[in-house]
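Spelled out, the chains give:
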Amino acid sequence: QQPVQSPQAVILREGEDAVINCSSSKALYSVHWYRQKHGEAPVFLMILLKGGEQKGHDKISASFNEKKQQSSLYLTASQLSYSGTYFCGTGEAQGAQKLVFGQGTRLTINP
Amino acid sequence: DTAVSQTPKYLVTQMGNDKSIKCEQNLGHDTMYWYKQDSKKFLKIMFSYNNKELIINETVPNRFSPKSPDKAHLNLHINSLELGDSAVYFCASSQTGSGGYTFGSGTRLTVV
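Respectively, the protein sequence lines represent chains A and B.
Quick note on numbering: our numbering labels position 49 of the first sequence as 49, and the sequence is numbered without any gaps.
Count along the second sequence from 1, then add 1000; that gives the number in our numbering.
Hint data in this document are derived by calculation from the structure and do not stem from the laboratory.
Being a predicted model, the structure only gives us computed values, none of them experimental.
Each statement offered as a hint is correct.
In silico lysine to aspartate or glutamate, EDC-like type, Cα no more than 16 angstroms apart, as pairs:
{"no.": "1", "chain 1": "B", "residue 1": "LYS1009", "chain 2": "A", "residue 2": "GLU40"}
{"no.": "2", "chain 1": "B", "residue 1": "LYS1041", "chain 2": "A", "residue 2": "GLU40"}
{"no.": "3", "chain 1": "B", "residue 1": "LYS1067", "chain 2": "B", "residue 2": "GLU1024"}
{"no.": "4", "chain 1": "B", "residue 1": "LYS1041", "chain 2": "B", "residue 2": "ASP1085"}
{"no.": "5", "chain 1": "B", "residue 1": "LYS1071", "chain 2": "B", "residue 2": "ASP1030"}
{"no.": "6", "chain 1": "B", "residue 1": "LYS1019", "chain 2": "B", "residue 2": "ASP1085"}
{"no.": "7", "chain 1": "B", "residue 1": "LYS1009", "chain 2": "B", "residue 2": "GLU1024"}
{"no.": "8", "chain 1": "B", "residue 1": "LYS1071", "chain 2": "B", "residue 2": "GLU1024"}
{"no.": "9", "chain 1": "A", "residue 1": "LYS26", "chain 2": "A", "residue 2": "GLU66"}
{"no.": "10", "chain 1": "A", "residue 1": "LYS98", "chain 2": "B", "residue 2": "ASP1030"}
{"no.": "11", "chain 1": "A", "residue 1": "LYS67", "chain 2": "A", "residue 2": "GLU92"}
{"no.": "12", "chain 1": "B", "residue 1": "LYS1036", "chain 2": "B", "residue 2": "GLU1058"}
{"no.": "13", "chain 1": "B", "residue 1": "LYS1071", "chain 2": "B", "residue 2": "GLU1053"}
{"no.": "14", "chain 1": "B", "residue 1": "LYS1067", "chain 2": "B", "residue 2": "ASP1030"}
{"no.": "15", "chain 1": "B", "residue 1": "LYS1044", "chain 2": "B", "residue 2": "GLU1058"}
{"no.": "16", "chain 1": "A", "residue 1": "LYS98", "chain 2": "B", "residue 2": "GLU1053"}
{"no.": "17", "chain 1": "B", "residue 1": "LYS1052", "chain 2": "B", "residue 2": "GLU1024"}
{"no.": "18", "chain 1": "B", "residue 1": "LYS1036", "chain 2": "B", "residue 2": "ASP1085"}
{"no.": "19", "chain 1": "A", "residue 1": "LYS98", "chain 2": "B", "residue 2": "GLU1058"}
{"no.": "20", "chain 1": "B", "residue 1": "LYS1036", "chain 2": "A", "residue 2": "GLU40"}
{"no.": "21", "chain 1": "B", "residue 1": "LYS1040", "chain 2": "A", "residue 2": "GLU40"}
Some chain B residues judged to face chain A by a derived CB distance under 7 angstroms, without partners named:
{"no.": "22", "residue": "LYS1041"}
{"no.": "23", "residue": "LEU1043"}
{"no.": "24", "residue": "SER1048"}
{"no.": "25", "residue": "ILE1055"}
{"no.": "26", "residue": "GLY1100"}
{"no.": "27", "residue": "GLY1106"}
Just so it is clear, CB atoms sit at the ideal spot from N, CA and C, and this is done for glycine as well.
The whole structure should be built from the sequences, with the hints applied where relevant.
Shown next, in the form of structure tokens:
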């Protein structure tokens, strides 16, 4: 079953913060986050594993609440280049050879 | 060097035709995938191959037939194309147990 992302869309000014949530009804082993710009391929941002630590690089970080089967992506001091559609992808088992993606969250950063 | 390359990038064809999309990865990954992205941007898995073996077939019509001659290549052949097959098809690869997926640039298929 497809994970649910919220919000569906968000518009920010450059420098503002954003949080994108991903929620699943199934027990998860992993959560991936990807960003897709218009007309391009999704690009891997980070992976969070069950029992792992919160991840992050630069001003983008994420957390994984295993008990609630929820993950959140945090974008701090957003830049114009952060604009795009963000997808979470969930894996139910270690080594699971498929990700089920959420419906996407469209992020628009204005100057 | 392109990590995951797909050809062609665009494909416009008539209903009923047969077409193929090719994918190659030079990352040394052991698993390759086909995903379909519809007009609402929903990314849905179609097939997954691990070391040339079919692992996942997500109730895709049997008009779609993937083939993996080796672990670096995964092709998709579609028979008797229908209007509803119009979408962007992404190939991706990953290494079991580590890291995320690397996607190809996609093939935009339009059936008229």
